[in-house]
Amino acid sequence: MGVTTKRRAKTIEQFAIVVCMLLCLAANTLADAAPQPLVQVDVPPSFGPRPLEDQTRDAVVRDYLKCWKTMSQALQENNLSVLDSAFTGIAKEKLAGVISQQQKANLTTSYRDGSHHLRFVFYSPEGLSIQLLDDAEYDVEVSDRGKTQAMRHVKARYVAVLTPTEVSWKVRILQADAGVEDNVTAKR
Amino acid sequence: MTQSRTICVVLFLSLSIWTQSAFAASVSVPRSAEAGRTITISTDGSGVGHLYIVGPSGAVERTIQLGARISIPPDEISNAGHYTVFLITSTSTETADLDITSSPEAASLSFLARPSRLPVSLQKGVGGVAYIFDAYHNLVMQSQPVHFQLTLPNTAPEIHTVDSHQGVAWIQMDSSARAGNASFEAAVGKGTSLRVLQEVPGDACQLRMSARPVGDRLHVQTAPLRDCTGNLVADGTIVTFTEIYDGNRSTVDAPLKNGIAEADIPANRGAVITVAAGEVLGNQLRWNGGQ
Amino acid sequence: MNRSTLFALFIAITTVGLVVVGTIWPVHTAQAMAGAGYSFNGSSEPQSAVTNLLAEVGSHDWNAAYESLANRSEFSEADFIHDLNGGYPSLRTYATLADFSVQPLHVLEDEGKFRVNLRWSSVVGVFQESRDLRVAKENGRWKVVWPLVAEQRVPPQVIPVNYLRWDVIYRGPGDDWAAQNVESPHVRIIDMRPIDRGNGVSILGEILNEDTVPAFVTVKSTLIGKDKEVLGTEDSFDKISHVLLPKQVSPFRIDFPNVALSQVDSVKMQPSSSLIAASADPVIEIENQKLSGAPHTSLTGELRNESGQIVNIMHVIGTFYDNRGQLLWVGDSYENRALLPNLPAKFSINVPVDIADKVATFRVVTSSYSSTLL
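Residue numbers (the numbering used here), protein chains in the order written: chain A, 1 to 188; chain B, 1 to 291; chain C, 1 to 374.
There may be inaccurate statements among the hints.
Unchecked claim - Straight-line distance between alpha carbons at most 20 Å, and here's what the computed DMTMM-like set of lysine to aspartate or glutamate pairs gives:
{"hint": "1", "chain 1": "A", "residue 1": "Lys92", "chain 2": "B", "residue 2": "Glu76"}
{"hint": "2", "chain 1": "C", "residue 1": "Lys137", "chain 2": "C", "residue 2": "Glu109"}
{"hint": "3", "chain 1": "C", "residue 1": "Lys290", "chain 2": "C", "residue 2": "Asp322"}
{"hint": "4", "chain 1": "A", "residue 1": "Lys155", "chain 2": "B", "residue 2": "Asp99"}
{"hint": "5", "chain 1": "C", "residue 1": "Lys346", "chain 2": "B", "residue 2": "Asp246"}
{"hint": "6", "chain 1": "B", "residue 1": "Lys257", "chain 2": "C", "residue 2": "Glu210"}
{"hint": "7", "chain 1": "A", "residue 1": "Lys66", "chain 2": "A", "residue 2": "Glu126"}
{"hint": "8", "chain 1": "B", "residue 1": "Lys124", "chain 2": "A", "residue 2": "Glu126"}
{"hint": "9", "chain 1": "B", "residue 1": "Lys257", "chain 2": "B", "residue 2": "Glu279"}
{"hint": "10", "chain 1": "A", "residue 1": "Lys147", "chain 2": "B", "residue 2": "Glu61"}
{"hint": "11", "chain 1": "B", "residue 1": "Lys124", "chain 2": "C", "residue 2": "Glu109"}
{"hint": "12", "chain 1": "A", "residue 1": "Lys69", "chain 2": "A", "residue 2": "Asp54"}
Unchecked claim - Facing chain A, according to a computed beta carbon distance under 10 Å, are these residues of chain C, among others:
{"hint": "13", "residue": "Asp176"}
{"hint": "14", "residue": "Trp177"}
{"hint": "15", "residue": "Ala178"}
{"hint": "16", "residue": "Gln180"}
As the list claims (entries may be wrong) - Restraint-style ranges between C-beta atoms, simulated for each label pair:
{"hint": "17", "chain 1": "A", "residue 1": "Pro35", "chain 2": "B", "residue 2": "Gln172", "range": "39 to 47 Å"}
{"hint": "18", "chain 1": "C", "residue 1": "Arg165", "chain 2": "B", "residue 2": "His219", "range": "33 to 41 Å"}
{"hint": "19", "chain 1": "B", "residue 1": "Ser71", "chain 2": "A", "residue 2": "Glu77", "range": "25 to 33 Å"}
{"hint": "20", "chain 1": "C", "residue 1": "Glu111", "chain 2": "B", "residue 2": "His219", "range": "46 to 54 Å"}
{"hint": "21", "chain 1": "A", "residue 1": "Ser168", "chain 2": "C", "residue 2": "Val16", "range": "53 to 61 Å"}
{"hint": "22", "chain 1": "A", "residue 1": "Thr165", "chain 2": "C", "residue 2": "Asp357", "range": "49 to 57 Å"}
Derived by calculation from the structure, the hints in this document are not laboratory data. Small disclaimer: the values here were computed from a predicted structure and weren't measured. Cβ coordinates follow ideal geometry from the N, Cα and C atoms, glycine included.
Just chain A, same shape as in the assembly:
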């Protein structure tokens, strides 16, 4: 191989690296630019036996919103392994069950959350669990054998219970329930 050819190969290699980096950057930028859900958070002045610190509130909101992204990814890819990062206990087991049902039926579903109206309703005295209600709006899309079948915009009220782990809060219960009372600040 001549010196010129070598130099050219090196230039092409460098060019390829730069293009790859630019593509990664672009992909990241595009991912960041994906529409974020609208989030409204209400913390009633007195909602339980333990006051809620701002830091805890922010962490819970962050981790709860993350759980929707994780859930969407898991159900879109029928991927159990991603659940661990955001779910634990019953919520994780139930989502694993849904993934199993989807796999059997060759289905995938996609959830794109458009908005969340979060209300903290209970923070246990020892700080080991926190409960919130979420009036969520999202689009659900169902695909059969990889082919999109239908989509629908949904409004539902979810109740979520999160528990602390070493580094984050994880969702232990996530359940939409039509039976949730509206009077969320009802005195206990």
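Fit chains B and C to the given chain A structure using the hints.
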């Protein structure tokens, strides 16, 4: 001629519309159903369609004959949640909402009781939180009476009933005046859960010891050691006996058992013996040979 | 020739050189331990008799060692082994003779006396032992007259004890998430003082179990430098009594070699505790504690096991204070023989020379390890 042509066109269009409507499907789904019940879905039309019932709580797919009634057994959809029903035929897509609600019958509970160890007579020191579930591990959203019971051995239990809200009930209670291992139980419907809380006495209030010769040694023993509310100080608490004699020191770290600590030390005539438990100092003895 | 080849060559040459040096000028104890100069039925030189015997002891060739003794008719081979190895499982049982030295006291025509210093290597460090051995000439061969120290034995018996014991039920894998473990015991550092020890910094302190349940405690310390850099992180390792009963205090010492106190800006202490199944048994009495004077200051005393349990390994930790009650030093020692019920055993803790004259008071605690598995 023109008239008959018009009639033909109208007839053709009507036939087309009738044909379309004859094959179009519709789906009828109950707005909500209780977990554990069979869900019946009705469809109209004829031909074949695909039924999808999906949500974060479950996913069901069926190929159905339009016009038939479809039953979804409880084991396929038992998780409470919001489901979207899609009926897809070759010509149309119908959608509907289905809410599966938790059963009002509580079957189990997750009971958080804190702390596991606390001093006696502490106001609102005991905390209990119960999350209530039905037989399918759905959080029971309907209000339920939850019974909290705190019991120390040989005492009357302290019972409180609290109605749950959004699946959770909680309580704060005072710890007992007596020390011991208390049973803390939460019960709702068929579900019960038991925790053990250790109600512990405070530090020693007064410390006294006595000594008597046993063979060539001296047996030292404390009087029953109590905290300032009269409870025996916790078993295992270290009591230190120290004997100073002729510039030499002998020490024994003896643990309390039933409020009493005891040890054998050298019986040296003229020795000074002291006793201490933590920061509490007891009496001092000078051993003069039993006189 | 590249750098790695040069390095390999250097190592090879150094190794060959050391082998040659070791062969031509061997260390006599190493030679003895390796079996050189081995003589089964006595030696032609009195010192060789001693050296050979100790080499056999070092290689656990008990039979050969016993057979070479002049006074073997006075005791059995088992007694001889128990004298050196311990009759009950102890630190000594698992120690190896790392090194020894032989010093002649006097040698006559048919008898002699030698002082031997034995260095035993154990899992918690080295302990030393000194014995005076008499040698006698029998049929032209020198043999050692072993000064047997008969180990005390406890006669078979039942000793009733009713000490406390704490067992812990931990959360199991099948338990509901709400069934949390019982919380860890509350412990607190009640005193802490960094001192400069010339070749490093030592953190001295005391930790209290202020709870009502036994605790397994450890203390970790991090030295932070002037520029907020971490100078080192160490823990108390064995310079602490790890199991603390309620309201019990243990001293601790954490050593940072090769750090000067002048480099240290702050010290971060991290005590930790966990629940542990524990027993209040055995209770150890520490009798006749006294501080011996200079030049070799040490805290001495006797340990008496007041329970019926044989203590296999006994650890004694001393805390030394000045006349204002300030911590001066934390020292420790291990007993290399088992501590039997109600049979006192002596202990000694060395106090550094520069600290000894400042010591006004002291406190001694013990921790014991008993196991039928040892």
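Going through the hints against the structure:
1. A threshold of 20 Å between alpha carbons decides the hint, and for Lys92(A) with Glu76(B) the separation of about 18 Å falls inside it, so the pair holds.
2. The suggested pairing of Lys137(C) with Glu109(C) holds, with an alpha-carbon distance near 8 Å, which does not exceed 20 Å.
3. As the CA atoms of Lys290(C) and Asp322(C) are separated by approximately 15 Å, the hinted pair is consistent with the 20 Å bound.
4. Distance hint between Lys155(A) and Asp99(B) is fulfilled; the C-alpha atoms sit about 12 Å from each other, no more than 20 Å.
5. Between the alpha carbons of Lys346(C) and Asp246(B) the distance comes to roughly 19 Å, so the proposed pair stays at or under 20 Å and holds.
6. For the given pair, Lys257(B) sits about 17 Å from Glu210(C) by alpha-carbon distance, which is consistent with the 20 Å threshold.
7. Using a Cα cut-off of 20 Å, the hinted pair Lys66(A) and Glu126(A) is violated, with the two alpha carbons roughly 24 Å apart.
8. Taken as a hint, the Lys124(B) and Glu126(A) pair is honoured in the structure, with Cα atoms around 12 Å apart against an allowance of 20 Å.
9. For the given pair, Lys257(B) sits about 19 Å from Glu279(B) by alpha-carbon distance, which is consistent with the 20 Å threshold.
10. Only pairs whose Cα atoms come within 20 Å are accepted, and Lys147(A) paired with Glu61(B) is accepted, the gap being roughly 14 Å.
11. About 89 Å separates the Cα atoms of Lys124(B) and Glu109(C), which puts this hinted pair outside 20 Å; it is violated.
12. Distance restraint check for Lys69(A) and Asp54(A): the Cα-Cα separation of roughly 23 Å exceeds the 20 Å cut-off, and the hinted pair is therefore not satisfied.
13. A hinted interface residue such as Asp176(C) counts as satisfied when its beta carbon comes closer than 10 Å to some beta carbon of chain A; here the least separation is about 9 Å, so the hint holds.
14. With a cut of 10 Å, the hint placing Trp177(C) at the interface with chain A holds, because the nearest CB-to-CB distance is about 5 Å.
15. About 8 Å separates the beta-carbon of Ala178(C) from the nearest beta-carbon of chain A, less than 10 Å, and the hint is met.
16. Restraint check, Gln180(C) versus chain A: the minimum CB separation of about 7 Å is within 10 Å; hint holds.
17. Separated by about 44 Å at the C-beta atoms, Pro35(A) and Gln172(B) satisfy the suggested range of 39 to 47 Å.
18. Taken as a hint, the range 33 to 41 Å is violated for the pair Arg165(C) and His219(B), whose Cβ atoms sit roughly 23 Å apart.
19. Remark: the range hint 25 to 33 Å for Ser71(B) to Glu77(A) is upheld by a beta-carbon distance near 31 Å.
20. Against the hinted window of 46 to 54 Å, the Cβ-Cβ separation of Glu111(C) and His219(B) comes to about 51 Å, which satisfies the hint.
21. Restraint check, Ser168(A) to Val16(C): a C-beta distance of roughly 60 Å satisfies the suggested window 53 to 61 Å.
22. The hinted window of 49 to 57 Å between Thr165(A) and Asp357(C) holds, with their beta carbons roughly 55 Å apart.
When each numbered hint is compared with the structure, violations occur for hints 7, 11, 12, 18.
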